[in-house]
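A.B. asks: Residue strings, one per chain:
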Amino acid sequence: MSTASLNRHDPVKAFYFNTSEHLLRIGRERANNLAEFLQALQDCPDDSIFQHTFSTLQEHHFIRQGFSNDFAHWSLSACHEPILAEQLASVDVREYTSISGLRQHMVEIVHTFLNEHPRSGDRPAHEPFYFCAADLVVLPTPFVTMTPESFLEALRKVTIHSVHHHFIEARLRLKLMTNDFSEWLKEEAGLEQAAAAIDRIDIYTNTMEGVRQQIAGIVERSLN
Amino acid sequence: MNPINNRATAVQGEEFRAAVANEVAPPQPIPATPRPASRPLPKYVTTPPSPPPPPHLDDYAAIIGAQQVATLRYLAEELRGRHVKMVNSTAVGGGVAEMLNRLVPLLSELEVPTQWDVITGGNDFFEVTKAFHNALHGAPYELTKSARDIFLMYNEQNLHRMKFGEEFVVIHDPQPAALIRAKKDHASKWIWRCHIDLSNPHPDVWQFLRPFIEQYDAAIFSSQSFARQLSIPQYLFYPCIDPLSEKNKELTDSFVQQICDDFGIDRTRPIVTQVSRFDRLKDPVGVVQAYKLAKKYVDCQLVLAGGGATDDPEGAVVLQEVKEAAGDDPDIIILDLPPWCALEINAIQRASTIIIQKSLREGFGLTVTEALWKGKPTIAGAVGGIPNQIVHKLTGVLVHSVEGCAFQIRYLLTHPEFARRIGAAGREHVKENFLMTTNVKRWLLLFRILSGKKPVPLPSETAASV
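Heads up: the protein sequence lines correspond to chains H and F, in order. Here this note's numbering is used: the first residue of the first sequence is 440, the next is one more, and so on. Here this note's numbering is used: the first residue of the second sequence is -9, the next is one more, and so on.
Worth flagging that the hints you see were computed from the coordinates, not collected in a lab. Glycine included, C-beta positions come from ideal geometry on N, C-alpha and C. A couple of the hints might just be wrong.
What the hints assert, rightly or not - Not everything, but these chain H residues come out facing chain F in the computed CB check (under 7 Å):
id : residue
1  : Leu462
2  : Asp574
3  : Leu615
4  : Thr617
What the hints assert, rightly or not - Chain F stretches covered by chain H per the calculated footprint, using a threshold of three residues with CB under 8 Å from any CB of chain H:
id : region
5  : 377 to 385
6  : 436 to 442
All chains, please: the whole structure from these sequences, using the hints.
C.D. replies: The structure is reproduced here in structure tokens:
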């Protein structure tokens, strides 16, 4: 047993692998330029912010780099504003445990940019930004694990959507700067270092499949 | 046989193309052979084949994974035995009928019994609805009382002929939209699935239809940009392709080779292809111009495979324009194919090094979806639903001009690693978002939501799942 797993103990609670599926709803807000975008960003419902940041990562989970969120993508592709796009793309959704905090940061970025570049506000975008929202349905999977070994086995079998549900979306649910996997491995199995290492995985330079493999590698090493 | 087919094929296509793609020097001239004015099609192409039986759900497991199939079964469990009716205006031909041919058996296999009914009408009805269709796309039109009466009369006739006892009724497109008058109570949920672009509709036609649409429980559009402001919830269902259809299923290399041989396509050299009707909005002449600009720097052939020249007078004119633009270049292969040549199109797409869809205006652009699904680096016009599919430089490349298209042909042919990467990402994008199985999932999710299975609140408001 490695020093990393000296505190290992048997879990009391099982880990239930769930998954979430999203249905896209077309919202009312629409922006034809950055000034309208800023207004809509402040007015749109929380589930629109969720869709264009958290959910879009799931929809584009196969891209290793270059895609962060819909707002950044539109700022570049439709508004040709690379500075704003870079600033919006640098927002890591995992630094937020609430949508309101994430929204506030996005609004601040756009507001500051338009103050510094006032002529950019009214310049028509090549394509409007259509705000959408996600209707979310959480589903159970057959995978329920009581040991880190069986956890590892299940992790390799579940869908990418399940990995996204537990690894990315979880912090909004837990209200903690962590994820379901780390939380369970730390609290239930005593694998604190593995839990911390999983928390450090960079989701913006990996595909979600790459994230899964990294998590599996960390857990596997902690068990050897 | 075309002389180009006699060239040695010891070096196989992919390897050769990769080697060629690394060359930046101008290509060696290819011995020119005057292109025949019109290439005779192989005899097997002239007769429609019998349609194959529809696949079963488990057949998709090899493509999307067993767990995704299990998710569909789980989603369907709570809907088991609840009946669905789909209504449209045609049983054959067109994308909607093609999609329903696959969707209906899959929902029924999931024990969500689904019936597909087609409305009937006289020529006068379909003339009116065709005019409505064009007007909803923005064409000029004078909406007369007579047209309104014809539309309402046939909808009323169908309403009395059909029964609506199902829990979910899905009406496709405007033709049967007034059937909503059969909705008697709140027990059944009615959904309007709009497959057309309503971003710029003729105001009179839209104002006539809108009161019907707003009686539905939900509307579905194929792109955010196609929707209107409505008082009912609107959902986004991307159109989809079936990975097991003749157009998209895997093919053996020997079959692909056979088709290329039959059509005079040389697989030992790069192949740039556009598949679409001979229609000005698909800009086939622009594709020829882009190819000619690119050909100054890179060796390649251009295949323009499409149809519409025999049943559409304008198509014949456009085909002639394309032939004139092509001149006597033996490396431009123009194929006017009948609509049942799905396997042949599939083979040509699979043989291609790059696929282009240089549309000037587009619906969703399912030919782009087909190209991406085959892992092909794809160049497409940034119009209609294409930007939903092509994330620029990540899942393909978007262009806005002939010159831009020409540059991207050159770039992709000389940067095979980038081309391979965007091709692979494009395929994953389709797998995640634009396959028939994703479409089935969206329907199941919508039925659950409309039947009171409320979507869960955002994760911030739910209990921990562990």
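A.B. asks: None of the hints should be skipped; say for each whether it holds.
C.D. replies: Here's how the hints hold up against the structure:
Interface hint status for leucine 462 of chain H: upheld, as the beta-carbon distance to the closest one in chain F is roughly 4 Å, under 7 Å. Checking aspartate 574 of chain H against chain F: minimum C-beta separation of about 4 Å stays under 7 Å; hint holds. Interface hint at leucine 615 of chain H: violated, since its Cβ lies 10 Å from the closest Cβ of chain F, which is beyond the 7 Å cut-off. Because the beta carbon of threonine 617 of chain H sits about 11 Å from the nearest beta carbon in chain F, more than 7 Å, this interface hint is broken.
For the region 377 to 385 of chain F, the stated coverage by chain H holds: 6 residues have a C-beta nearer than 8 Å to a C-beta of that chain, and at least 3 were required. Against chain H, the region 436 to 442 of chain F contributes 3 residues with a C-beta closer than 8 Å to a partner C-beta. That satisfies the three-residue criterion, and the hint holds.
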